[in-house]
Amino acid sequence: MAKLTIEDLKRIKEKTAKKISVRDGTATAKITVHMGTCGIAAGAREVMGVLMEELTNSGRDDIRVVNSGCIGMCSSEPNVTVEIEGGEPIVYQLINSNKMRQIFKRHVLQGEIQTDFALAKI
Amino acid sequence: MREISLHILDVAENGITAGASCIQIVVEEARAENVLKIVIRDNGRGISSEKIDRITDPFVTTRTTRRVGLGLSLLEAAARRCDGEAKIESEPGAGTEVTAVFRYNHIDRAPIGDMAGSITTLIAGNPDVDFIYDHSVDDRHFGMDTREIRKELEDSFLADPAVIYHLAQTIRKHLNRLDQGQMNSEMGEEGNGKIDDRRS
Numbered sequence: 016m017a018k019l020t021i022e023d024l025k026r027i028k029e030k031t032a033k034k035i036s037v038r039d040g041t042a043t044a045k046i047t048v049h050m051g052t053c054g055i056a057a058g059a060r061e062v063m064g065v066l067m068e069e070l071t072n073s074g075r076d077d078i079r080v081v082n083s084g085c086i087g088m089c090s091s092e093p094n095v096t097v098e099i100e101g102g103e104p105i106v107y108q109l110i111n112s113n114k115m116r117q118i119f120k121r122h123v124l125q126g127e128i129q130t131d132f133a134l135a136k137i
Numbered sequence: 002m003r004e005i006s007l008h009i010l011d012v013a014e015n016g017i018t019a020g021a022s023c024i025q026i027v028v029e030e031a032r033a034e035n036v037l038k039i040v041i042r043d044n045g046r047g048i049s050s051e052k053i054d055r056i057t058d059p060f061v062t063t064r065t066t067r068r069v070g071l072g073l074s075l076l077e078a079a080a081r082r083c084d085g086e087a088k089i090e091s092e093p094g095a096g097t098e099v100t101a102v103f104r105y106n107h108i109d110r111a112p113i114g115d116m117a118g119s120i121t122t123l124i125a126g127n128p129d130v131d132f133i134y135d136h137s138v139d140d141r142h143f144g145m146d147t148r149e150i151r152k153e154l155e156d157s158f159l160a161d162p163a164v165i166y167h168l169a170q171t172i173r174k175h176l177n178r179l180d181q182g183q184m185n186s187e188m189g190e191e192g193n194g195k196i197d198d199r200r201s
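Listed in order, the protein sequences are those of chains G and Y. Each number in the numbering used here corresponds to the 1-based position in the first sequence with 15 added. Each number in the numbering used here corresponds to the 1-based position in the second sequence with 1 added.
Since the hints were derived computationally from the structure, they do not count as laboratory data. Be aware that one or more of the hints could be misleading.
In silico BS3-like pairs for lysine-lysine, Cα to Cα no more than 25 Å straight-line [as the list claims (entries may be wrong)]:
1) Lys38(Y) / Lys174(Y)
2) Lys25(G) / Lys45(G)
3) Lys52(Y) / Lys30(G)
4) Lys88(Y) / Lys18(G)
5) Lys88(Y) / Lys25(G)
6) Lys88(Y) / Lys52(Y)
Footprint (simulated), chain Y over chain G, 3 or more residues, beta carbon under 8 Å [unchecked claim]:
7) 61 to 74
8) 120 to 133
We put the beta carbon where it would ideally sit given N, CA and C, even for glycine.
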């Protein structure tokens, strides 16, 4: 039986070379991708993939990405909530890969809320 | 849902919402028997017996509890459309098991799709939950278990987005081999281009 082997993991570890930081308690930003049935059907998984890629490229280890369920606004999915320490959580709507990249670069990294894509602040 | 792997992601997220600490996902492509079977097992809080009878009815189920809603209805409809069926078994306090069977070559069966994307999305978005994933194509298997990964490497390993990104690539490569029928061969060097994840 083929398995994800230790060799596979070691290879991944070498690739990611930089020291893996402990992501506990030090997060300054939290990004929530809403993964209800509605979000998943609308493309939330792809948004999550893009986030992982952007996060990797940014080299930041103080940004946490989590999944959560539906927030009841299914028609505006995929929804993503960005919460920067000390700021109000912003819910973004109708997110796709490009919008996610823009939100990550401008809002998460530089603190500029992307009002064009925003649904609400909570 | 455009892919079976999205149904799987959806049902697994249900289990997480129900407080599961471990989710097992099984995909069995019995091509020789023309059957595709998927199983998602969680150790969450389970579903009461009065609720389970109505669980795939989107209009009876309520949105007040996240165990219910459209997700399972869509899965059941997808399975039935492909001469198959969906079965939900649960024991309150012990967990839930969702099984769906499809006729493999049915024209309406959605592609399995990007399983590696679904699995890594689950791992990345739910750092406190363990995932066991087994995928077989006839007599060939691929498996992984985050509990083993956590045991072998430091706990924070899976929290690194770069790890998730490379993990997805590695799983894709394994699944591609599974799909192509290459038995348990040693993994080659990575990075030789993108692998088509629109499988079968």
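The hints, checked one at a time:
Annotation: proposed proximity of Lys38(Y) to Lys174(Y) holds, straight-line Cα distance about 22 Å (limit 25 Å). Under the criterion of a C-alpha separation no larger than 25 Å, the hint pairing Lys25(G) with Lys45(G) is inconsistent with the structure, at around 29 Å. Annotation: proposed proximity of Lys52(Y) to Lys30(G) is violated, straight-line Cα distance about 48 Å (limit 25 Å). Distance check on the hinted pair: Lys88(Y) and Lys18(G) sit about 28 Å apart at the alpha-carbon level, beyond 25 Å; violated.
Taking the CA atoms of Lys88(Y) and Lys25(G), the gap is about 39 Å. The hint is violated against a cut of 25 Å. The suggested pairing of Lys88(Y) with Lys52(Y) holds, with an alpha-carbon distance near 14 Å, which does not exceed 25 Å. Check on the segment 61 to 74 of chain G: 8 of its residues sit with their Cβ under 8 Å from a Cβ of chain Y, so the three-residue criterion for coverage holds. Coverage of the segment 120 to 133 of chain G by chain Y is violated in this model, with 0 residues showing a Cβ closer than 8 Å to a Cβ of that chain against a need of three.
Consistency note: the structure conflicts with the earlier hints numbered 2, 3, 4, 5 and 8.
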